[in-house]
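Undergrad: If you're matching them up, the sequences are chains A and B in order.
In terms of this note's numbering, the first sequence opens at residue 1 and continues consecutively.
In terms of this note's numbering, the second sequence opens at residue 1 and continues consecutively.
Under 8 angstroms between C-beta atoms, here's a sample of chain B residues computed to sit facing chain A:
1. 56
2. 88
3. 155
4. 159
5. 224
6. 254
Derived from the structure by calculation, the hints contain no laboratory data.
We put the beta carbon where it would ideally sit given N, CA and C, even for glycine.
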Amino acid sequence: MARKPSSRRHSVVELDDINLVPIMSILVILIPMLIYAFTFFEVTVQSVAAPKMGTGKAKAKDDTEQKKPLNLTVLISDDGFMLKYDDELQGSESEKPIKKVEFPPDAAHGNLPYWDYDYPTLYNRLSKMKERFPTEEQINIGAEMHIPWQTIARTIDASRLQLEGTPFEGEERMMIYTKAKPVKEKAKAGEEPEPKLLFPNVVFVVAE
Amino acid sequence: MVEPTNQGSQSESSVEFTPLSAAELETQQRSAQKNAKRKAKRAASGDKGLNINSLMDIMTILLVFLLMTITSDPLSVKQDDNLLLARSTVDYSPGADSIPIMLSKQHIIVDHQAVVQVECTLDGRVCTNIPAEGNTGFQSLPEGDIQSLNWCEQDPVPADCGPDVLDRLRRVRFRIDKSYKQDGSDEQFLIVPLHKRLQQLVKNLKEENLALGREFKGVATIIADRNIPFRMLAEVVHTAGMAELGDIRFAVIKTSNR
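Build out the structure end to end from the sequences listed, making use of the hints.
TA: Spelled out as structure tokens, the structure:
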């Protein structure tokens, strides 16, 4: 007698492909949202100490120190920069002002000549100050009340690190200065070389 | 299917076929029918076998990358007409535990809340702020003073920002009204509503750090628009200092050109 065919499945069970459409829908919505929230530029920070009122004269950090602080100050006005400092021997000194100058045309300014602060000359002067006072790291920055933050940021840039290719002179000095790389110190084995500092500690000063 | 049984003989004529039973035949017929149905269904649905596995791989990697980048960024700064960061070559990373203070062209914002309004004046009148319609942006010098200021700060400077335009834009002034200052005086540096808000945040942060056994560091990160004047920066830094935030950092966009 013929037996009833077994109701057990004899064929191999084949699973249907996973439906990826809902997962793709979620990703298509989520990824544009995240790209919108993504920032395509790197945000970094510059430390600044609270403003001192007056002419920015600082006491020595350690009372036992005999050395008078340099009180190197850069004052920014509409006309340009003014450098001041306290020399132990000669008292308060004021260098010749660094006026704004007209730089030759370049692509960033629509191939037209333009007026700007003379950051390369400021850097040259600060570099010479660092040679005279190598242990000094603080710089006071003051400005007229309406000077914008971008100008102050560029001034801090000019005073922070030692750069290659100094001194910056000639008509093309701005172009060379803007692309100059920082000088790196000799690194110990296994460490990355650190850039050499000029005056990295910035203090805002406000003239009363 | 008829299965040949080869008993070792090399020639074709020696292959023997064992006939299948009725049950085996029925099973084979049923699976053949199922396969035929599946093929017909696939053909009917027009499925030519589009493989989206690669696309899934790309999407998953992109998703993981974006999630990791966004969650690791302690300062999520969104730039717009009222907030364009200054550019600098400094490369210190922002710390995770700091109080962000945003100084835009319109408000001072702490903890996503506007605490102080910033006044903008040009030649004695209030600056105009006329955003671009839709997402088209501006194609030439905009009408609004705020937008013109941003337009002429592009790199390279647009051709329609002549000396007259630049001269006019240099007269734009941002300030904080004396009603927000201590003693209602323009000469004062302390901004009262900002000071109160920062004190609240510092108090909360100190309690939180105490509970977690951490040291309170008093770090504030100022996210300032590039056109904010020195006077306003000094006022905000002074106010933050008075609220026990001694370590002040300014957020900038990193650039390779000085």
